[in-house]
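Spelled out, the chains give:
There are 2 protein chains.
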Amino acid sequence: MPTLYDVAAIGNALVDVIAQASDAFLEAEGLVKGSMQLVDADYSAGLYGRMGQAVEASGGSACNTVAGVASLGGTGAHIGKVGRDALGEVFAHDLNAIGARFAGGVLKDATPTGRCLINVTPEGERTMCTFLGAAALLEPEDVQAEVIESAQTVFLEGYLFDPPPARQAFAKAAGLARAAGRLVAITLSDAFVIDRHREALLGFIDTQVDVLFANEGEITSLYRTATFDEAIDAVRGHAKIAALTRGEQGSVIVTGGEMHEIAAIPVQKVVDTTGAGDQYAAGFLFGLARGRSLSHCGQLGSMAASEVISHYGPRPQTSLKELAAKSGL
Amino acid sequence: MPTLYDVAAIGNALVDVIAQASDAFLEAEGLVKGSMQLVDADYSAGLYGRMGQAVEASGGSACNTVAGVASLGGTGAHIGKVGRDALGEVFAHDLNAIGARFAGGVLKDATPTGRCLINVTPEGERTMCTFLGAAALLEPEDVQAEVIESAQTVFLEGYLFDPPPARQAFAKAAGLARAAGRLVAITLSDAFVIDRHREALLGFIDTQVDVLFANEGEITSLYRTATFDEAIDAVRGHAKIAALTRGEQGSVIVTGGEMHEIAAIPVQKVVDTTGAGDQYAAGFLFGLARGRSLSHCGQLGSMAASEVISHYGPRPQTSLKELAAKSGL
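If you're matching them up, the sequences are chains R and F in order. Positions in the first sequence are counted from 1; adding 415 to them yields our numbering. Positions in the second sequence are counted from 1; adding 415 to them yields our numbering.
Okay, chain R solo, but in the shape it has when bound (with noise of 0.2 Å):
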């Protein structure tokens, strides 16, 4: 099969809903502020109209990582479910616009599509509540193995190890892709995830996994450790290649007996971390599908990163194949 797709991401397909918020408002709430909760459509709509003034946006954590792909001049699709109303239109619009393929489906019942509630505090660290609705429906029928197996790399959401017949999509995708040759890359998006679905994940990772996407919190939690540094020596052996990212100290690469430390890229002021993680894979998952070395591939998360968090919203602004090019990456 010929080589379409730099990524093809499976993910939840949400947009989002992002207001500003304060620390009293997230006490008020009872919201750990960083989390990511899953809610229903009571709690969402409860939630919503208690939310201040709000922008609404495509996102999804893998298809932001797409739309990061696509910025960099790199091709890409994305496999999720939507409902049919205004904000599945915007979803599908949003990656068409991108030059990006929606590859997934929709839904034919009144099953809306999933919404993401954000709240960002003043130092732009943003708080999630996910009505996945359409989104959760995704099944393995929704995995075209043609997609699949033209991607260099699958770029699988650790969201997805919540709803059932959606895991089961996730290891048809990572059978497919195994079976054609092709990377299979994972990010594990949320400790709370991770604590309902340890086990799980490790064997999935041991023997699925080529690629770890994590950040420290993630990371630790993952593989119960006290420090960032056991959890590095823990990785070790278990993906083939761990990207571990820790906010503004960076991020490690780890493989085999190599790692490689990339620095971040300061910014002048960080506005909104919404996608921060999303655009990292985006760099580093471009630079793999493009040969380059893990160094690069890291420098390229980084710069993807660092553009994203200048602003609001999870998806680049500029454009960050010129950006790169700027940067002599």
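Don't read these hints as lab results, they were simulated from the structure. Since this is a predicted model, take the numbers as computed values, not measurements. Among these hints, one or two may not hold up.
Put simply, identical chains are the same to the list, so a pair is met inside one copy or across any two.
Mimicking DSS-like on lysine-lysine, the simulated pairs with C-alpha atoms at most 30 Å apart in a straight line are [unchecked claim]: (1) K448 with K736; (2) K523 with K655; (3) K587 with K523; (4) K684 with K655; (5) K587 with K684; (6) K684 with K741; (7) K587 with K736; (8) K587 with K448; (9) K684 with K523; (10) K655 with K736; (11) K741 with K523; (12) K655 with K587; (13) K684 with K736.
Once you have looked at the hints, place chain F on chain R.
Chain F in isolation, oriented as in the chain R frame:
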């Protein structure tokens, strides 16, 4: 009737769909840069399909002004019409969330909430194609006397001169306001609106309007003058107060024999001029409602406009109240 609102605005209830675009895109689409044109549902759907990745945010010129008044610590109400759909919920939510009141109507039929497709070119200029949808179905019954009579100023959006039932709603509001001894303000909105309705607008301004907002292009178009200075001479004696904006050249406030020149407040980078005029009106009308001098009102307008052009989106992202305090206003 006690005063409940600094400003009650009547305007199109629209959700903005904002995307970055090149000059070449505008040319290929046959769009005149900086213009606003009304389009039908089919044209809107076609253009949207060709536009780039977009962000959705509540808009509508007069409603942006209400949002600015709220950000300054004032009170506002908005009268407009939305459809019974997700975008209509977004519009009402965002008004509620800023502590303002949505005093308009919700349609019961299937007409969708209106949307304004905004293509922002690299220098920050916006070109708008508006599908009015439900907004165009505003009618006199939607204007509640108690809202108009309890507002210091009724602020009318010139765009509403287009749909006949909305223009009747507009006339009803102006009549109620004058009878209650309240101020009537109007913004000319757009040069094409003026072309279509010059005589009606001139008559309305002469007989009903206390405060007229217009930019340079609009005021010279209204009075068919070759220069801005000639337009200043022409406007004297028609509106009691005319607040005329000139982008980076600031604004001029004309009243009787007096004239106040107000400097623009320079910004580091003009990102998106969407909402500049709306926010100027917000600062000005808030100042007027609070008994400030005309110069002070103009300075509040300049300040509010400078905030909104330094980011994407037509509404303030920082507290204008705090900004005013910092600026000694």
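Against the structure, the hints come out as follows:
1. Taking the shortest alpha-carbon separations for K448 and K736, only the inter-copy value of 27 Å comes in at or below 30 Å, while the best intra-copy value is 33 Å.
2. When the C-alpha separation of K523 and K655 is checked against a cutoff of 30 Å, the pair qualifies neither within a copy, at 40 Å, nor between copies, at 58 Å.
3. Proximity of K587 to K523 under the C-alpha cut-off of 30 Å is restricted to the intra-copy arrangement: shortest distance 23 Å within a copy versus 45 Å between copies.
4. For the homomeric pair K684 and K655, neither the shortest alpha-carbon distance inside one copy (35 Å) nor that between copies (44 Å) is at most 30 Å.
5. For the identical chains of this complex, K587 and K684 are neighbours neither inside a copy (42 Å) nor across copies (48 Å), given an alpha-carbon limit of 30 Å.
6. In the homo-oligomer, the alpha carbons of K684 and K741 lie at most 30 Å apart both inside one protomer (20 Å) and across protomers (20 Å), since each shortest distance falls under that limit.
7. For the identical chains of this complex, K587 and K736 are neighbours neither inside a copy (32 Å) nor across copies (54 Å), given an alpha-carbon limit of 30 Å.
8. For a Cα distance limit of 30 Å, the shortest separation of K587 from K448 qualifies neither inside one copy, at 34 Å, nor across copies, at 49 Å.
9. Taking the closest pair of Cα atoms, K684 and K523 never come within 30 Å of each other, the shortest separation being 44 Å inside a single copy and 45 Å across copies.
10. Proximity of K655 to K736 under the C-alpha cut-off of 30 Å is restricted to the intra-copy arrangement: shortest distance 27 Å within a copy versus 53 Å between copies.
11. In the homo-oligomer, the alpha carbons of K741 and K523 never lie at most 30 Å apart, since the shortest distance is 46 Å inside one protomer and 53 Å across protomers.
12. For the identical chains of this complex, K655 and K587 are intra-copy neighbours only, at 20 Å inside a copy versus 72 Å across copies, given an alpha-carbon limit of 30 Å.
13. Taking the closest pair of Cα atoms, K684 and K736 come within 30 Å of each other both inside a single copy (22 Å) and across two copies (22 Å).
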